[in-house]
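Participant: Line by line, the protein sequences are chains X and S.
Just so it is clear: in the first sequence, position 121 is 121 by my numbering, and no numbers are missing.
Count along the second sequence starting at 1, add 174, and that's the number in my numbering.
Hint data in this document are derived by calculation from the structure and do not stem from the laboratory.
Bear in mind that the values here come from a model prediction, so they are computed numbers and not experimental data.
Just to be clear, a hint being listed does not mean it is correct.
What the hints assert, rightly or not - Simulated coverage check for chain X against chain S, where a stretch passes if three residues somewhere in it have a Cβ under 8 Å from a Cβ of chain S: (1) 34-43; (2) 48-61; (3) 96-102; (4) 107-119; (5) 153-167.
As the list claims (entries may be wrong) - Covered by chain X, per the in silico footprint, the following chain S stretches (three or more residues, Cβ under 8 Å): (6) 339-346; (7) 349-359; (8) 559-570; (9) 580-593; (10) 597-604; (11) 616-629.
As the list claims (entries may be wrong) - Computed Cβ-Cβ distance ranges for the label pairs, DEER-style: (12) S/456 with X/39: 51 to 57 Å; (13) X/114 with S/518: 43 to 49 Å; (14) S/456 with X/69: 36 to 42 Å; (15) S/276 with X/66: 37 to 43 Å; (16) X/141 with S/551: 28 to 34 Å; (17) S/419 with X/7: 39 to 45 Å; (18) S/393 with X/141: 29 to 35 Å; (19) S/514 with X/153: 35 to 41 Å.
Using N, Cα and C, we set each Cβ at its ideal position, and we do this for glycine too.
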Amino acid sequence: MKSPGGFVVSMRRGELAVALVLLAVSAGALALATGMPAGTIAEPGPGVFPLGISACLLAVSLGLVVRALLLPPAANTLPADSPAPESGDEASEVLVGHRLIWISLASLALFGLLLEPLGFPICAALFMTTLLRSFSKLGWLRSILGAIAAAAIAWFFFVQLLGVNLPLGILQLN
Amino acid sequence: MIDYLLAGFSLALRPDNLFYCFIGCVWGTVVGMLPGLGPLAGLTLLLPLTFNLEPASAVIMLAGIFYGAMYGGSTTSILLRIPGEAASVITCIDGYEMARQGRAGPALVVAGVGSFIGGTVSVIGLMLFAPALAGVMLQVGPAAECVLMIFALLVMSLISSGPWLKTAAMILLGLLIGTMGLDPITAYPRFTFGQIELSDGVNFISMALGLFGLSELLLNLENIADVKPISPTFRSLIPRWPDIRAAAPAVGRGSIVGFLFGFVPGISHVISTFVSYALEKRLSAHPEQFGKGAIAGVAGPETANNATTGSALIPLLVLGIPAIPATAILLSALMIHGVQPGPELISKNPEIFWGLIASMYIGNLVLLVLNIPMVGLFVNLLRTPYAYLAPSVMLICVIGVYSVGANSSEVLVMVVFGLIGYLLRKFRFDAAPLLLAVVLGDRMEVSFRRALIISDGDYWGLLRGGASKVFLIALVFLLALQGVAWMMGYRKRMADEAS
Numbered sequence: 001m002k003s004p005g006g007f008v009v010s011m012r013r014g015e016l017a018v019a020l021v022l023l024a025v026s027a028g029a030l031a032l033a034t035g036m037p038a039g040t041i042a043e044p045g046p047g048v049f050p051l052g053i054s055a056c057l058l059a060v061s062l063g064l065v066v067r068a069l070l071l072p073p074a075a076n077t078l079p080a081d082s083p084a085p086e087s088g089d090e091a092s093e094v095l096v097g098h099r100l101i102w103i104s105l106a107s108l109a110l111f112g113l114l115l116e117p118l119g120f121p122i123c124a125a126l127f128m129t130t131l132l133r134s135f136s137k138l139g140w141l142r143s144i145l146g147a148i149a150a151a152a153i154a155w156f157f158f159v160q161l162l163g164v165n166l167p168l169g170i171l172q173l174n
Numbered sequence: 175m176i177d178y179l180l181a182g183f184s185l186a187l188r189p190d191n192l193f194y195c196f197i198g199c200v201w202g203t204v205v206g207m208l209p210g211l212g213p214l215a216g217l218t219l220l221l222p223l224t225f226n227l228e229p230a231s232a233v234i235m236l237a238g239i240f241y242g243a244m245y246g247g248s249t250t251s252i253l254l255r256i257p258g259e260a261a262s263v264i265t266c267i268d269g270y271e272m273a274r275q276g277r278a279g280p281a282l283v284v285a286g287v288g289s290f291i292g293g294t295v296s297v298i299g300l301m302l303f304a305p306a307l308a309g310v311m312l313q314v315g316p317a318a319e320c321v322l323m324i325f326a327l328l329v330m331s332l333i334s335s336g337p338w339l340k341t342a343a344m345i346l347l348g349l350l351i352g353t354m355g356l357d358p359i360t361a362y363p364r365f366t367f368g369q370i371e372l373s374d375g376v377n378f379i380s381m382a383l384g385l386f387g388l389s390e391l392l393l394n395l396e397n398i399a400d401v402k403p404i405s406p407t408f409r410s411l412i413p414r415w416p417d418i419r420a421a422a423p424a425v426g427r428g429s430i431v432g433f434l435f436g437f438v439p440g441i442s443h444v445i446s447t448f449v450s451y452a453l454e455k456r457l458s459a460h461p462e463q464f465g466k467g468a469i470a471g472v473a474g475p476e477t478a479n480n481a482t483t484g485s486a487l488i489p490l491l492v493l494g495i496p497a498i499p500a501t502a503i504l505l506s507a508l509m510i511h512g513v514q515p516g517p518e519l520i521s522k523n524p525e526i527f528w529g530l531i532a533s534m535y536i537g538n539l540v541l542l543v544l545n546i547p548m549v550g551l552f553v554n555l556l557r558t559p560y561a562y563l564a565p566s567v568m569l570i571c572v573i574g575v576y577s578v579g580a581n582s583s584e585v586l587v588m589v590v591f592g593l594i595g596y597l598l599r600k601f602r603f604d605a606a607p608l609l610l611a612v613v614l615g616d617r618m619e620v621s622f623r624r625a626l627i628i629s630d631g632d633y634w635g636l637l638r639g640g641a642s643k644v645f646l647i648a649l650v651f652l653l654a655l656q657g658v659a660w661m662m663g664y665r666k667r668m669a670d671e672a673s
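Please work from the sequences and hints to get the whole structure.
Facilitator: Structure (structure tokens):
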């Protein structure tokens, strides 16, 4: 079944996008590397390797762009409600993304941002509640209880047993 | 050598090291079994937790994960037709057919025993070859080191199953990322954008966890389905005599194939399984049985993938070059503990080398017990809904990444690389060469610049003497292996499996 939150991309477009990103990265790196000290032929400076590598990457990226452009376009454009395509040969389309992927990435990013202010126990509980509720058929109560249990077990195992330093955040007693 | 080995056993048999070895083996089996968590993710997850351990203990535990995963991957291949990790793909073919025919027990036993024998042969090889090779490598200088690293990256780009351009792009991107931070010789800031946090470059743990751990989890989220494995009974584990007779020669050949291919940079553990399968099929009196439950089709590849573990450690321990991504994590662990792998490791830190050897003997025994009579316990783990497993593993990823430097921005780095890894995988770019290049790039540059200083700027001097001999020997050896793999139809099969 086609997944919610995903979109179909032809391999051609996908490879072209990656190649263009690599092209941009290598061009930028090359520009920055030219400003680094090159040293001498006998004693290469810190700029030589970045210059050489980014130049090679630029050439390879151009090759990838050409390769992507030469790929045959996808044979058929899939209707919106068709089954997810199999990633097969170069001409096929792939399904990129899924509702659960975006939820996971957003939750992880928020976890990172709030970890020190709120502390690990609260962030872990909120994170697990969000994912359990989204991934499974558990109701809110069970998701919250499961999340609290997971956060408590993780705290005990990693902080108490293994000595990992995790922040308490607002739960810290001054 | 016996004295050193006995000293190694006395270290490995210490209760704390036995415990770490056991934890590593169990965790390795778990990550090998669970689709969605590979040995690389398993290693990266536990790496931050080894910071408070002694170097030898850390390496013992991490190595346990490394070779343990080779055991665990076969269980899901046989019982579910889902490879737990890449080196178990080929076992799905005949292993699952055997399980469907009610012969899951013999398949599991043969895979387990074959893995044990392959792993043990590999450790013996490591024990015999590594000190000898270290002695040779002490004679060569930074020029040879640089040439070998360039060569390792070249071979990786040629041997990869994907288009050469894509692999080359990943290697070059990895080398570029590796230049971020302060220049190792002059401390000049490169690509730091004025950020102090980037003085040491991108955090390797965050990048590895994102590219491999998180991206794998994200890929599996596209299709969360509860798995229902075939459950073998204890009595059914006992193989019949015809099975043993058919499997034994395959185990012997698989050991040799695996050990030889373990030296090949890139995906040696995967290549070895394909070569072994093709070899067994060619030598079999009944090749038509392959694909329909031929026990040699399980015995050979499973032995081969474990036999790569010892030889894959030789480039790491003796040359300081990680041939495969998993050993790149081991390299990080050693360097974090202030131990520099290379020709001097065996002489300067013998307790690490011989302790590791001894623990691998012990670990292989532990894994034999875990994967055969206790297989039922692990099979139950497979019944855990992915909807619960995935969030738990993500939580562990966050803990692992944060514990490295108590810096919550590393979580964001992991998320970014997770998304990058996911997209790269979607569009068939292999991230493993990228990771290897990040690890090798820095040292390759330092070796190159040092060699030039020594040779007074003579670029051709880099290829004279020890460097050129090392290069030529390695070139002939690896081209020969590549030739074997080509003849065995490895590339075509990898392409078929990828589709």
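Participant: I want to verify a distance hint. Is the separation of the beta carbons of residue 514 of chain S and residue 153 of chain X within 35 to 41 Å?
Facilitator: Holds, at about 38 Å.
Participant: Please count how many residues of the segment 597-604 of chain S have a CB within 8 Å of a CB from chain X and say whether that reaches 3.
Facilitator: Per the Cβ count (6), the hint holds.
Participant: Between the segment 107-119 of chain X and chain S, see if three or more residues pass the 8 Å beta-carbon test, and mark the coverage as holds or violated.
Facilitator: With 7 residues closer than 8 Å to chain S, the segment 107-119 of chain X meets the three-residue bar; holds.
Participant: Does the hinted range 43 to 49 Å hold for residue 114 of chain X and residue 518 of chain S at CB?
Facilitator: About 46 Å separates the Cβ atoms of residue 114 of chain X and residue 518 of chain S, which means 43 to 49 Å holds.
Participant: Check, residue by residue, whether the segment 48-61 of chain X contains three or more positions whose beta-carbon lies closer than 8 Å to a beta-carbon of chain S, and give the verdict.
Facilitator: Three-residue rule met by the segment 48-61 of chain X, so holds; n is 8.
Participant: Does the hinted range 36 to 42 Å hold for residue 456 of chain S and residue 69 of chain X at CB?
Facilitator: With Cβ atoms ~41 Å apart, the hint holds.
Participant: Using C-beta distances, would you say chain X covers the segment 559-570 of chain S, given that this needs three or more residues below 8 Å?
Facilitator: holds (count 10)
Participant: Examine the segment 153-167 of chain X: at least three residues should have C-beta closer than 8 Å to a C-beta of chain S.
Facilitator: holds (count 8)
Participant: Are there three or more residues in the segment 96-102 of chain X whose C-beta lies closer than 8 Å to some C-beta of chain S?
Facilitator: Holds, because 4 residues of the segment 96-102 of chain X bring their Cβ atoms closer than 8 Å to Cβ atoms of chain S.
Participant: When I compare C-beta atoms, does the segment 580-593 of chain S have three or more residues closer than 8 Å to chain X?
Facilitator: holds (count 10)
Participant: Given the hint of 29 to 35 Å, check if residue 393 of chain S and residue 141 of chain X actually sit that far apart at their C-beta atoms.
Facilitator: The hint (29 to 35 Å, Cβ to Cβ) holds, given that residue 393 of chain S and residue 141 of chain X are roughly 31 Å apart.
Participant: Between the segment 339-346 of chain S and chain X, are there enough contacts, at least three residues with CB-CB distance under 8 Å, for the coverage claim to hold?
Facilitator: Check passed, 5 qualifying residues.
Checked against the numbered hints given earlier, the structure breaks hints 15 and 17 and satisfies all the rest.
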